[in-house]
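If you're matching positions, the sequence shown starts at 93 in the numbering used here and goes up one per residue.
Careful, some of the hints might be misleading.
Derived pair list, reagent style PhoX-like, types lysine-lysine, alpha-carbon separation capped at 20 Å [as the list claims (entries may be wrong)]:
#, residue 1, residue 2
1, 277, 348
2, 148, 138
3, 378, 316
4, 316, 338
5, 277, 386
6, 277, 338
7, 282, 338
8, 378, 338
9, 316, 361
10, 275, 316
11, 263, 338
12, 282, 138
13, 316, 282
14, 361, 304
15, 275, 338
16, 382, 282
Simulated restraints, written as ranges between beta carbons of each label pair [as the list claims (entries may be wrong)]:
#, residue 1, residue 2, range
17, 220, 277, 22 to 28 Å
18, 161, 302, 27 to 33 Å
19, 302, 128, 54 to 60 Å
20, 368, 109, 21 to 27 Å
21, 151, 109, 29 to 35 Å
22, 235, 368, 32 to 38 Å
23, 180, 258, 48 to 54 Å
24, 224, 336, 34 to 40 Å
25, 160, 333, 32 to 38 Å
These are computed hints drawn from the structure, not numbers from a lab. The structure presented is a predicted model; accordingly, all values stated were derived computationally and were not measured. For each residue, glycine too, the CB sits at the ideal point set by N, CA and C.
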Amino acid sequence: QVLLPSEGSGEVFPPPHIRVLHLSQCECLLNDNLLQNILLYTPEQKVLGGRERVRKICRYLGFQEHVLKYLDLPDSLMKEWAPMLTHTDHSRLQLARAFVMNPECLVMHKPDMVFGPDEVGQIMRLIRQHVNERGIELPPEGRQFRRPRTVFYTCATLAGLNAADLVFEVKQDGSAQVRNPLKFKIVSAKGLPSFVIGGLSDPYCICELVGKPRTRVRSPTIFKSLNPVWNFNVEFDHFTEDDAIKFSIYDADDLKDDDFMAIQSIHSKDLLHGGRSQEILLTSAKQGTKATLKIEIVSDLSNIMRVVPTSTFHAVQSEIARAPGHFA
């Protein structure tokens with residue numbers, strides 16, 4: 093008999109043959125050499141790639157050479173190399189343990205928190221490499237025979253949030269909202285007003301989430317047209333069920349302020365239930381003009397916002413499991 097979780101239940105069953113590793117934010121040092129503190133007494137001959145692979149992973153993580161030399165000193169004790177570690181190095185050590193072990197499912201708490209802005213990107217790239225290559229610094233010819241890797245993590249930076257394939261926003265009411273980026277294309281506009289008799293305009297479109305000015309993006313300007321075609325791609329990483337998208341169209345002018353042409357806001361619920369291709373009626377700056385804006389949704393509408401129970405999240409250390417090939 094096979095037990096499978098029901099879709100949308102928020103519960104998953106880890107197969108017994110995969111290794112699930114929970115990586116704590118707080119590390120523990122062993123009174124031994126640096127290599128054993130990474131291998132955790134796994135025999136070196138059983139570690140794929142051996143000591144050289146350990147060294148490469150440590151370099152990727154940013155360990156300095158004066159620390160790495162202790163990998164080749166088996167008789168050194170913790171009191172000799174531990175004082176050289178910075179606070180950030182302690183987090184590097186935790187990540188090195190995980191990447192060397194190479195579990196099928198890795199659960200981490202804020203792996204990005206202690207790193208500076210210039211290092212967070214590298215840490216997230218290593219996590220992505222672990223998923224995509226099914227292990228770091230392992231032979232590429234054997235990749236197809238290795239099981240998929242999945243990483244679950246909480247994050248403390250936007251870089252960590254943006255790196256994920258799937259984002260769960262856990263709420264206090266016992267539910268979690270699955271948040272995927274909203275991707276759509278501003279295709280074209282029709283019937284825009286002209287402020288010169290028989291004249292044409294140079295329209296461009298500004299798009300933003302209402303109340304979130306930092307999300308504002310601007311399309312290219314199309315010259316001499318009242319029916320511009322932009323085919324401009326837009327992506328909002330932090331799109332929620334309460335958001336509304338505002339579209340504003342202006343006529344570019346080099347000699348004076350740009351003229352307002354049309355505007356419209358559409359709520360997320362209306363956007364997501366309007367189909368993949370949508371024609372939005374604009375409020376024109378000129379009465380009697382019927383202007384429309386065409387957009388095309390690129391994201392999977394069924395997965396942009398989905399609410400699931402959070403029985404899994406309440407026991408992240410023991411209940412988290414794998415969905416093949418994800419980075420969440």
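Cross-check of the supplied hints:
no.: 1; hint: 277 to 348; result: 29 Å, violated
no.: 2; hint: 148 to 138; result: 17 Å, holds
no.: 3; hint: 378 to 316; result: 18 Å, holds
no.: 4; hint: 316 to 338; result: 24 Å, violated
no.: 5; hint: 277 to 386; result: 9 Å, holds
no.: 6; hint: 277 to 338; result: 14 Å, holds
no.: 7; hint: 282 to 338; result: 17 Å, holds
no.: 8; hint: 378 to 338; result: 19 Å, holds
no.: 9; hint: 316 to 361; result: 35 Å, violated
no.: 10; hint: 275 to 316; result: 28 Å, violated
no.: 11; hint: 263 to 338; result: 27 Å, violated
no.: 12; hint: 282 to 138; result: 66 Å, violated
no.: 13; hint: 316 to 282; result: 13 Å, holds
no.: 14; hint: 361 to 304; result: 18 Å, holds
no.: 15; hint: 275 to 338; result: 15 Å, holds
no.: 16; hint: 382 to 282; result: 8 Å, holds
no.: 17; hint: 220 to 277: 22 to 28 Å; result: 26 Å, holds
no.: 18; hint: 161 to 302: 27 to 33 Å; result: 56 Å, violated
no.: 19; hint: 302 to 128: 54 to 60 Å; result: 56 Å, holds
no.: 20; hint: 368 to 109: 21 to 27 Å; result: 40 Å, violated
no.: 21; hint: 151 to 109: 29 to 35 Å; result: 32 Å, holds
no.: 22; hint: 235 to 368: 32 to 38 Å; result: 35 Å, holds
no.: 23; hint: 180 to 258: 48 to 54 Å; result: 28 Å, violated
no.: 24; hint: 224 to 336: 34 to 40 Å; result: 36 Å, holds
no.: 25; hint: 160 to 333: 32 to 38 Å; result: 48 Å, violated
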